[in-house]
Amino acid sequence: MKLAVGWLSLALAIFFALIIEEFLPPVRFLHGARVFLVPMLFCYGALAMPFWATLLMAVYTGFLTDLAYMNVTDGRVEIALGWSIVVFVFFGLFAHGLQPAFTGGRWWLHVLLSALCTSIFLALQFLMICFRRQGIYFNETVAWLVFAPGLFAALLSPLVHLTVTKLAPYVHGHTRLRAYRIEQP
Amino acid sequence: MSRLNIVLVAAVIVGAIILSSFGSGTMRRLQAGFLSAVSPFLKTGSAVQRQLGAMGKGLKTLDELEAENRQLKIENTELRATNQILRDLEAENNKLRSALEYRKRSIFKLVPARIVSRDAATWWSTVKINRGFEEGLEPDQPVLTDIGLVGKTTTVSKNESIVLLISDESCKVAAKVEGSNERGILSGRRMGEGGSPNEMQLNFLSKKADLQPGQKVYTEGVVKGTSTGVFPSGILIGAVKSFQARPLDGQAIVEPSVDLSTVEDVFVVVGAK
Chain A
1 MKLAVGWLSL ALAIFFALII EEFLPPVRFL HGARVFLVPM LFCYGALAMP FWATLLMAVY
61 TGFLTDLAYM NVTDGRVEIA LGWSIVVFVF FGLFAHGLQP AFTGGRWWLH VLLSALCTSI
121 FLALQFLMIC FRRQGIYFNE TVAWLVFAPG LFAALLSPLV HLTVTKLAPY VHGHTRLRAY
181 RIEQP
Chain B
186 MSRLNIVLVA AVIVGAIILS SFGSGTMRRL QAGFLSAVSP FLKTGSAVQR QLGAMGKGLK
246 TLDELEAENR QLKIENTELR ATNQILRDLE AENNKLRSAL EYRKRSIFKL VPARIVSRDA
306 ATWWSTVKIN RGFEEGLEPD QPVLTDIGLV GKTTTVSKNE SIVLLISDES CKVAAKVEGS
366 NERGILSGRR MGEGGSPNEM QLNFLSKKAD LQPGQKVYTE GVVKGTSTGV FPSGILIGAV
426 KSFQARPLDG QAIVEPSVDL STVEDVFVVV GAK
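Chains as they are written, first to last, in our numbering: chain A, 1 to 185; chain B, 186 to 458.
Treat the hints with caution; some may be incorrect.
[Claimed, not checked] Facing chain B, a subset of chain A residues (Cβ under 10 Å, in silico): (1) A68; (2) F126; (3) V142.
Read the hints as simulated data drawn from the structure, not as lab findings.
Remember, it's a predicted structure, so these values are computed and weren't measured experimentally.
Beta carbons are placed, not taken as given, at the ideal position from N, Cα and C, and that holds for glycine.
Kindly produce the complete structure, drawing on both the sequences and the hints.
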């Protein structure tokens with residue numbers, strides 16, 4: 001039951017994060033880099049939930065992300081539906097491996113993972129578009145557009161952590177760090 | 186990892202591959218469904234954003250307001266005068282057209298729309314508007330303002346649509362340059378290339394094209410078989426900023442006439458009147 005409540009809460013948070021992202025303006029002085037909340041929330045879930053729940057969350061997050069950002073033009077899709085699911089599954093697998101350390105109190109793993117996943121996700125998107133268009137290129141703008149969102153995610157992830165810490169007692173009944181794990185083994 | 190987990194991961198990946206094999210029409214329909222689902226939240230978010238913006242804009246000093254008022258009065262007088270001249274010109278133009286038996290210039294049926302959000306996607310230049318198929322919109326319809334071309338619709342849901350801006354690299358428009366025989370394909374520039382992010386490139390011009398900064402660029406209106414392309418002929422796109430001859434062709438850099446990063450109200454061309 002607790003796991004179901006935790007999973008649904010996170011799913012709802014991811015849904016609203018996608019909508020909030022629509023209204024967050026790009027940071028002009030950083031070449032228009034944007035703030036992404038979804039990979040950060042997903043990483044938290046992947047670090048806290050059991051394997052099958054992480055997998056289900058990867059499917060849900062990837063599917064919604066693709067629907068939100070898919071660009072269908074002239075009868076072709078640059079990044080097909082389903083691609084993000086695969087990426088989030090791999091993020092989930094990686095995060096799940098770090099779960100023992102995270103539940104043991106290493107909260108900064110979420111900061112690190114959020115930054116990495118956000119930037120890797122954007123870099124992979126960029127590479128796929130490059131393959132579809134005129135080949136790979138790289139410049140300062142692309143670097144900012146890939147790495148700055150990772151930096152934003154790293155800065156924002158402690159806030160997510162703190163919020164869940166405050167909410168944890170209502171779901172789990174106690175506030176110790178290991179309580180972040182939605183279902184104790 | 187247990188065998189069951191490996192099977193689960195494999196099943197999810199196979200599922201994702203099956204999803205990715207769907208046709209663009211199916212993907213468009215799925216995206217339209219998603220847009221319809223988030224539509225109430227987008228509208229609420231847009232309203233909140235507008236109110237916050239209005240609060241920010243409202244914080245002006247009296248001096249600023251007086252200066253703005255003076256400027257607006259002057260502009261108003263100028264516009265009235267220009268309007269009168271344009272009316273006379275329009276009448277004369279219509280007379281000449283019928284006299285020369287030119288095909289009557291098509292008059293578009295326009296649906297007004299408001300931009301509710303600028304897409305959070307990093308790699309595409311798109312916006313969402315508050316009109317959908319309920320108002321007669323369809324995919325691949327031109328979107329413009331009274332100043333010029335903005336883009337075209339891609340995914341259309343019941344009450345929301347996604348508009349691909351002309352500044353996106355994947356938005357291709359057949360274009361011609363005013364006062365010359367130069368024709369080419371216009372598209373957005375790659376990320377980080379050039380100065381402004383909204384600058385566009387007009388490719389496949391002749392190497393010896395004598396283009397000057399400020400020359401206007403219009404849509405060409407390509408005819409595909411019995412139907413015309415997405416963009417009708419004669420819509421202003423922007424003005425030439427610079428021109429360079431390349432080994433095989435000429436390329437002009439074009440600045441859009443519409444400020445794509447601040448435009449709020451647009452029209453969708455849903456057909457001829």
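Hints and how they fare:
1. A68: Holds: closest Cβ of chain B sits about 7 Å from A68 (chain A), inside 10 Å.
2. F126: Hint on F126 (chain A): holds, closest Cβ of chain B at ~6 Å, below 10 Å.
3. V142: Check passed: Cβ of V142 (chain A) comes within 5 Å of chain B, closer than 10 Å.
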